[in-house]
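Asker: One-letter residues, chain by chain:
There are 2 protein chains.
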Amino acid sequence: MIGVDWGTSSLRAYRIAPDGAVLDRLDKAGGIMTVPEGGFPAALREAIAPWLAAGETRVLLCGMVGSRQGWVEAPYLRCPAGPAEIAAATIPIPFEGAEIRLVPGLTTEDADGIPDVMRGEETKLVALAERTGTALACLPGTHSKWARLEQGCITHFTTHMTGEAFGALSAHTILARTSVEGPDQPEAFARGVVRARQQGGLLHHLFGARTLHLMDRLKPEETRSFLSGLLIGHEVTAALAETGARHVELAAAARLAALYEAALIQCGVQVRRHDPDLVAAGLHHIARSLQWV
Amino acid sequence: MIGVDWGTSSLRAYRIAPDGAVLDRLDKAGGIMTVPEGGFPAALREAIAPWLAAGETRVLLCGMVGSRQGWVEAPYLRCPAGPAEIAAATIPIPFEGAEIRLVPGLTTEDADGIPDVMRGEETKLVALAERTGTALACLPGTHSKWARLEQGCITHFTTHMTGEAFGALSAHTILARTSVEGPDQPEAFARGVVRARQQGGLLHHLFGARTLHLMDRLKPEETRSFLSGLLIGHEVTAALAETGARHVELAAAARLAALYEAALIQCGVQVRRHDPDLVAAGLHHIARSLQWV
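If you read the sequences in order, they're chains A and B.
The C-terminal position of the first sequence is numbered 293 in this note's numbering, with every residue numbered one higher than the one before it.
The C-terminal position of the second sequence is numbered 293 in this note's numbering, with every residue numbered one higher than the one before it.
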């Protein structure tokens with residue numbers, strides 16, 4: 001089978017053997033935002049033509065390709081959901097020469113009735129859930145996802161706009177004036193995490209990055225790491241308070257994994273790191289429920 | 001006497017009678033950022049020449065003119081401080097034809113040893129403290145100030161970067177894509193305040209503005225007001241939690257006063273509104289301690 005994670009800014013495709021082994025892969029810049037109106041079938045065919053020619057007949061897609069801005073909109077499936085529920089909710093897309101199905105995103109509501117959504121991460125979480133059993137999983141990033149996993153299912157999750165807030169606040173507030181980019185400063189990051197766990201609230205803590213600078217207690221090259229520690233510290237504190245978890249399964253690329261692991265350890269929880277390259281395994285699990293493999 | 005509030009983006013000057021009555025005033029765009037190197041004496045003389053010619057001999061300055069980017073840096077004075085302490089810490093500036101003194105900003109430290117600063121607001125708070133007695137005061141804005149006032153003194157304060165965070169997050173995140181500017185939407189603002197008081201944390205609540213839109217539960221013309229309610233709600237909740245106050249003295253221009261009053265009432269506290277035009281009265285109080293009037 002062929003698995004495709006087609007996001008906003010990139011297309012990643014995998015040729016997957018029946019046992020789940022990844023036989024071949026490709027990573028292209030052609031995210032859904034670059035596809036012209038009506039251009040999805042041609043864009044996909046161009047990407048996976050060699051594998052179709054080699055005899056593949058089934059393609060499972062996930063990611064923003066199933067959003068309102070994508071090829072076909074796949075309505076969000078309600079949690080709890082695992083591979084079987086997700087497989088049952090996949091959407092068929094007519095395509096000459098192959099059977100194509102689209103993985104839906106997931107939605108959940110918190111105790112106060114406010115919805116949350118994910119699209120693409122559900123496939124990674126399906127793979128993670130199979131490895132971890134009951135757990136709290138964290139996929140950090142622009143929009144970090146924290147998900148409760150039980151018996152292979154995603155039962156609930158929350159999104160934190162941490163990465164995007166960091167970008168906006170570090171570049172478009174007074175903090176930009178006294179910060180310079182450079183390598184991560186672990187000590188300044190740790191101070192930010194400590195601060196995040198104190199009283200006062202995030203909006204007050206942000207101004208502390210300014211006052212610490214004025215008092216010569218935070219250097220320009222430390223400001224971004226301190227701010228990163230503040231924001232990740234607030235995210236981690238809120239996520240742990242909501243779940244009461246003492247152990248987190250963390251799947252992220254090396255740099256972000258190091259930051260989140262450091263923040264989580266400061267908060268007194270155990271962390272297990274996972275390779276973030278989970279999509280192919282998740283698509284294979286869902287394909288198993290479709291009896292494709 | 002002459003009182004001047006010289007900030008980053010404007011210069012406001014007052015001719016003040018010995019009893020505190022404002023005899024004349026001017027409001028210019030010439031903030032300290034527009035003044036060339038060494039140009040402060042000439043810029044001030046140009047602004048207040050008619051009043052000097054009419055016989056005024058004393059000028060009290062406050063605001064960012066006393067910052068590192070201003071005319072002369074006036075070191076921050078430590079809280080608690082009232083008119084007498086502030087007057088004693090004013091800095092003389094040599095000036096041909098008048099006695100000039102510069103009001104220092106204030107600094108405080110919280111229980112965790114993190115500093116906070118204000119420059120300009122101390123003068124407004126001196127005026128407010130004389131009117132309110134023991135109170136919790138709120139001066140909302142780009143950098144909102146919350147100050148405890150006791151017997152005419154400012155005993156402690158905190159800054160929240162709410163206005164600036166609103167600007168950065170509303171314009172430079174995914175929320176910008178689905179929001180349109182327009183008149184304030186009180187109902188959406190109130191929903192944001194409600195949300196701020198629920199669990200999950202600000203970084204999670206921000207993403208809610210996105211998901212509510214995706215679920216057709218927040219209109220593009222409501223997004224900015226919802227976000228404003230979220231941020232002001234988080235600020236107010238944190239400030240009230242820290243102080244335990246049940247009554248707030250609020251000094252702000254009409255639009256911001258309406259928003260903060262609504263949020264505070266939702267949080268169950270009483271609010272008294274004050275005219276935000278407090279600088280001339282504050283400068284007069286400090287001048288009294290200098291025995292200028």
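Hints were generated in silico from the structure; no laboratory data involved.
Treat the hints with care, as some may be off.
Pulled from the structure, derived: some chain B residues nowhere near chain A, Cβ distances all over 10 Å [said to hold, decoys possible]:
id : residue
1  : Gly30
2  : Gly31
3  : Asp110
4  : Ala111
5  : Gly141
6  : Gly167
7  : Gly201
8  : Arg210
9  : Ala241
10 : Ser289
11 : Gln291
Facing chain A, from chain B, some residues (calculated, C-beta under 8 Å) [to be verified]:
id : residue
12 : Ala17
13 : Ala21
14 : Val22
15 : Leu23
16 : Leu26
17 : Asp116
18 : His172
19 : Thr173
20 : Ile265
21 : Cys267
22 : Val269
23 : Val293
Taking CB as the label site, the calculated pair distances span [unchecked claim]:
id : chain 1 : residue 1 : chain 2 : residue 2 : range
24 : B       : Ser9      : A       : Gly133    : 31 to 41 Å
25 : A       : Ala241    : B       : His247    : 51 to 61 Å
26 : A       : Asp27     : B       : Thr155    : 40 to 50 Å
27 : B       : Arg177    : A       : Arg58     : 52 to 62 Å
28 : A       : Ala111    : B       : Gln69     : 17 to 27 Å
29 : A       : Ala241    : B       : Asp24     : 20 to 30 Å
Cβ coordinates follow ideal geometry from the N, Cα and C atoms, glycine included.
Asker: All the hints need checking, so say for each whether the structure fits it.
Answerer: Verification of the hints:
1. Gly30: Given that every Cβ of chain A is farther than 10 Å from that of glycine 30 of chain B, nearest at about 21 Å, it holds.
2. Gly31: Correct as stated: the minimum Cβ-Cβ distance to chain A is 15 Å, above 10 Å.
3. Asp110: About 7 Å separates aspartate 110 of chain B from the closest Cβ of chain A, which leaves it inside 10 Å; violated.
4. Ala111: Not fine: 8 Å to the nearest Cβ puts alanine 111 of chain B too close to chain A.
5. Gly141: 12 Å, holds
6. Gly167: Since the minimum Cβ distance to chain A is about 7 Å, glycine 167 of chain B lies within 10 Å and the statement is violated.
7. Gly201: 3 Å, violated
8. Arg210: 8 Å, violated
9. Ala241: 7 Å, violated
10. Ser289: 26 Å, holds
11. Gln291: 32 Å, holds
12. Ala17: 36 Å, violated
13. Ala21: 36 Å, violated
14. Val22: Valine 22 of chain B check fails; min Cβ-Cβ to chain A is 31 Å, beyond 8 Å.
15. Leu23: 36 Å, violated
16. Leu26: Not OK, violated: leucine 26 of chain B not within 8 Å of chain A, min 28 Å.
17. Asp116: 5 Å, holds
18. His172: Holds, about 4 Å.
19. Thr173: For threonine 173 of chain B, the interface hint holds, since the closest Cβ of chain A sits about 5 Å away, which is under 8 Å.
20. Ile265: This interface hint is violated because 19 Å lies over the 8 Å limit.
21. Cys267: 13 Å, violated
22. Val269: 16 Å, violated
23. Val293: 32 Å, violated
24. B/Ser9 x A/Gly133: 31 to 41 Å: Roughly 58 Å apart at Cβ, these two residues miss the hinted range, so it is violated.
25. A/Ala241 x B/His247: 51 to 61 Å: 29 Å, violated
26. A/Asp27 x B/Thr155: 40 to 50 Å: Between aspartate 27 of chain A and threonine 155 of chain B, where Cβ atoms are some 59 Å apart, the hint is violated.
27. B/Arg177 x A/Arg58: 52 to 62 Å: 34 Å, violated
28. A/Ala111 x B/Gln69: 17 to 27 Å: Taking Cβ atoms as reference, alanine 111 of chain A and glutamine 69 of chain B lie about 48 Å apart, which means the hint is violated.
29. A/Ala241 x B/Asp24: 20 to 30 Å: 56 Å, violated
In summary, the structure is inconsistent with hints 3, 4, 6, 7, 8, 9, 12, 13, 14, 15, 16, 20, 21, 22, 23, 24, 25, 26, 27, 28, 29 from the numbered list given earlier, while agreeing with the others.
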